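*Asks:* Assemble the whole structure, with the sequences as input and the hints as a guide.
If you want the building blocks of each chain, they are given just below.
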Amino acid sequence: MKKMMLRSLVLLLLLLSAAAVPVFAGAAAEPAEPEAVTFSLWTQEGESEGVYQWIEALADNYMAADPNVTIEVVRKDTEALREDFQTASLAGDPPELLWTVGDQAGPFTAAGLIRPVDDLYDVSKFVESVVMDGNTYAVPISAGNHLMLLYNKDLVSKAPETTDEFIAAAKAATKGDTFGLVYNMTEPFWLVPWLGGFGGKVFAEDGLTPTLNTQAMIDTLQFLHDLKFKHAVTPIESDYATMDTLFKEGKAAMLINGDWSLSDYAGVLGDKLGVARLPKVTATGKYPAPYTAGKYFMVAEGVEGPVLEAIEGFIGYVTSADIQNEMLETFKRLPGLLSGLNAPAITVDPILKGSASQLAVGTPQPTVVEMRANWDAMKPEMNAVLSGTTSPADAAANMQSAAEAGVRALQ
Amino acid sequence: MGALTAQIVRSSLSEVLGTIFAVAAGIVVLELVLYVILKRKLQWRFSLPIMLVSPALIGLLLLVLYPILYNILLSFSNMSLRRFTVERGLTYGFAEAWNNLKIIFSEPVLKQQKFFPVLFRTFLWTFIQVFFHVTIGMMIALLLNRPMKLRGFYRTLLLFPWAIPQIIAVLAWRGEFNYQYGLFNLLIQKFGGQSINWMSDPFWNYVAINLTNIWLGVPFMTVILLGGLQSIDPSYYEAAEMDGAGKLMGFRLITIPLMKPITTPAIILGVIWTFNQFNVPYFINQFELETSDILVTALFRAAFEYNRYGFASMFALIIFIILLGFSLAYIKITKFSFGFDKAGGGTPLQAVGE
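Line order of the protein sequences matches chains A and B. If you count by our numbering, then the first sequence holds residues 1 to 411, one letter each, in order. If you count by our numbering, then the second sequence holds residues 1 to 354, one letter each, in order.
I should point out that these hints are in silico values taken from the structure, not numbers from a laboratory. Note that the coordinates shown come from a computational prediction; the quantities given were computed from them, not determined experimentally. A few of these clues could be false.
Claimed, not checked - Pair by pair, the computed Cβ-Cβ distance ranges are:
(1) V86/B <-> S357/A: 35 to 43 Å
(2) G89/B <-> T363/A: 37 to 45 Å
(3) P117/B <-> E301/A: 37 to 45 Å
(4) R155/B <-> M63/A: 53 to 61 Å
(5) V74/A <-> S14/B: 12 to 20 Å
(6) V74/A <-> A22/B: 17 to 25 Å
(7) L323/B <-> S357/A: 52 to 60 Å
(8) L187/B <-> Q53/A: 39 to 47 Å
(9) V23/B <-> V74/A: 54 to 62 Å
(10) P117/B <-> G285/A: 38 to 46 Å
(11) G176/A <-> Q113/B: 16 to 24 Å
(12) L90/A <-> L159/B: 22 to 30 Å
Cβ atoms here follow ideal geometry from the backbone N, Cα and C, with glycine treated the same way.
*Replies:* Written out as structure tokens, the structure reads:
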């Protein structure tokens with residue numbers, strides 16, 4: 001009995017090791033071929049707009065052209081991508097390449113998780129990228145991610161030039177269950193363009209110290225407050241889904257949304273869709289300055305050798321003029337390649353023309369980690385002003401103290 | 001979706017199979033070692049049970065104990081985004097732990113609010129929830145614990161909130177709290193009331209969160225309590241009735257004491273789950289109102305939005321200690337016994353006897 005048990009255990013061990021040989025041998029054989037490389041690409045592009053499918057097709061094309069390279073494309077939500085990349089890096093097994101939003105470069109560089117990419121592309125041929133301590137940390141894929149004014153030509157004949165015209169047009173269009181203006185009233189990303197229009201910035205010159213308790217912020221909050229309470233042109237509460245639905249159903253004359261949504265609305269509204277710059281703030285004579293960021297490639301720290309070469313090849317392919325043009329035409333996204341911004345398509349297509357015109361007055365979104373403290377400080381106070389529970393002056397003061405506490409927490 | 005080519009299948013299998021073989025080989029080696037030591041050398045009579053249990057035991061240790069130990073280790077560190085690795089300034093020690101502790105009790109754990117207001121709100125939240133879960137759950141359980149038509153159907157219906165993935169249910173509820181199109185405001189308007197700012201008003205947002213979680217939590221309590229009620233022998237009630245006891249007296253003197261072995265663990269679990277309920281307060285609070293955050297949502301923001309890993313681990317440890325303290329105190333006060341000791345509490349009758 002005892003002997004049998006021992007024998008069967010030893011036999012099991014032998015069987016297992018025999019069966020495991022081809023598996024481990026297969027794994028070991030791979031690097032033996034000098035050029036066969038595999039890398040993972042994580043992206044936060046969505047499936048509903050078709051961008052994720054497009055990335056998969058790009059990877060397939062690249063793998064077909066270079067059979068030694070295998071690219072594994074993985075989709076994650078934006079926040080999940082950031083958290084998972086941090087966790088995977090901590091565990092020592094991060095994906096080699098990311099296709100994601102620019103502001104994530106802030107936390108990634110702070111923790112030393114991504115490498116400089118100056119040697120992977122020609123910086124001079126592309127729009128401004130994420131530069132820290134003299135190094136570039138991201139390769140631009142698309143430029144934009146900026147908010148702009150979209151309008152339904154059935155309800156508003158012409159895009160307003162100033163905020164006075166804007167308010168008048170919104171009031172004229174507000175009837176029954178139709179609103180003059182809808183925007184995402186829950187996110188401060190929709191507040192910052194106006195802050196720029198009123199002459200404010202969220203950081204001082206050093207790019208690190210929050211400057212939220214300013215007259216410009218108070219004016220901005222008052223402006224948003226008035227749109228809802230004085231002029232009554234917006235819904236009482238509106239998040240992204242609400243504004244999106246109202247605009248698509250023709251129940252909103254004007255909408256503030258980003259370039260990522262353009263192809264979607266063009267499909268729903270067709271010729272009725274108008275795209276323009278956000279109107280100049282009458283009081284200051286300045287244009288609102290939405291944040292611009294776009295999408296970028298980032299390369300994990302420690303990637304080198306043949307894998308880095310394969311990544312460089314793939315980056316070169318995606319940022320080539322042809323592919324950049326394809327992205328522009330299919331998804332109405334402005335390219336990161338400077339020469340692509342002069343493409344005839346942009347000047348001919350009214351939607352792209354409006355988007356490019358807005359991009360021209362945009363301001364690069366801060367990528368420093370401290371921006372997290374600013375976002376978190378602005379969000380609840382913006383909501384408090386829009387629900388009428390806090391005055392703009394109190395909200396601005398609260399924002400500042402919350403942002404300072406947040407910056408301390410990040411130290 | 002890309003086509004499932006032979007190459008993809010092969011590469012995926014080689015990744016998975018390697019791990020499986022490694023685990024299987026590890027188990028066999030472990031068993032061999034145990035066999036040789038325990039059975040051959042020591043001739044211990046428990047060697048077979050130990051051999052059978054050990055793979056599962058080691059798996060559990062890896063999956064349960066390791067994260068807890070790692071959390072404790074992190075709470076003794078200053079780890080944050082800027083101090084991510086030892087090369088970048090990550091250090092461990094008692095000074096770091098003390099510093100984390102000091103920050104938790106002296107500085108805001110959220111944006112503006114400090115630890116104790118958030119703790120108080122968490123207690124209030126837990127109390128409201130468990131109170132309603134138990135009272136409503138008991139009422140429904142009593143209703144269902146008697147002969148009626150379609151009883152099985154009602155019981156199935158009751159499990160609906162449970163059957164839906166929690167996050168989907170919570171997001172659906174959030175939609176119903178929409179100012180313009182949500183069910184609640186439409187109902188309020190229908191009866192001539194004033195629409196409520198469920199999302200932006202701190203008080204009503206707290207109410208919204210509570211309503212959602214009551215809906216989510218009652219079915220569990222009902223099912224547990226119903227199971228308990230069914231185990232009570234009806235002859236007790238008959239005897240009590242003969243002695244002239246009314247329904248209420250029967251409930252107070254028979255049902256409640258006999259239910260104690262069921263209600264005590266159910267309440268302890270309910271408190272722990274509610275205290276640590278993340279989905280409802282996090283997702284219903286779309287505007288990130290600080291007034292609707294409880295300890296675990298504050299913890300989440302610290303760990304994953306501000307990347308204060310050391311601080312957040314210490315924070316988690318404190319929440320653990322609070323819950324452990326509560327559970328021990330509750331067990332002591334109710335004189336509850338898990339039935340491990342030979343004397344106590346295995347059957348409902350023994351519970352009454354105590």
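*Asks:* Could you say whether the range 16 to 24 Å given as a hint is met by the Cβ separation of G176/A and Q113/B?
*Replies:* At 42 Å between Cβs, range violated.
*Asks:* Has the hinted range 54 to 62 Å been met by the Cβ atoms of V23/B and V74/A?
*Replies:* 24 Å, violated
*Asks:* Using the Cβ atoms, figure out if L187/B sits within 39 to 47 Å of Q53/A.
*Replies:* 42 Å, holds
*Asks:* Per the hint of 52 to 60 Å, is the separation of the Cβ atoms of L323/B and S357/A within bounds?
*Replies:* At 57 Å between Cβs, range holds.
*Asks:* Taking the Cβ atom of V74/A and the Cβ atom of S14/B, is their distance within the range 12 to 20 Å?
*Replies:* Because 18 Å falls inside the window, the suggested range holds.
*Asks:* Between L90/A and L159/B, does the C-beta distance stay in 22 to 30 Å?
*Replies:* 40 Å, violated
*Asks:* Cβ-Cβ distance between R155/B and M63/A: within 53 to 61 Å?
*Replies:* 54 Å, holds
*Asks:* Return holds or violated for the Cβ distance of G89/B and T363/A against the range 37 to 45 Å.
*Replies:* For G89/B and T363/A the Cβ distance comes to about 32 Å; the hint is violated.
*Asks:* Can you let me know if the beta-carbon spacing of P117/B and G285/A is within 38 to 46 Å?
*Replies:* The hint (38 to 46 Å, Cβ to Cβ) holds, given that P117/B and G285/A are roughly 45 Å apart.
*Asks:* Do the beta carbons of P117/B and E301/A sit within 37 to 45 Å of each other?
*Replies:* Roughly 40 Å apart at Cβ, these two residues keep to the hinted range, so it holds.
*Asks:* Does the hinted range 17 to 25 Å hold for V74/A and A22/B at CB?
*Replies:* 24 Å, holds
*Asks:* Indicate whether the distance between the beta carbons of V86/B and S357/A respects the range 35 to 43 Å.
*Replies:* 50 Å, violated
Violation of the numbered hints given earlier is confined to hints 1, 2, 9, 11 and 12; the remaining hints are satisfied by the structure.
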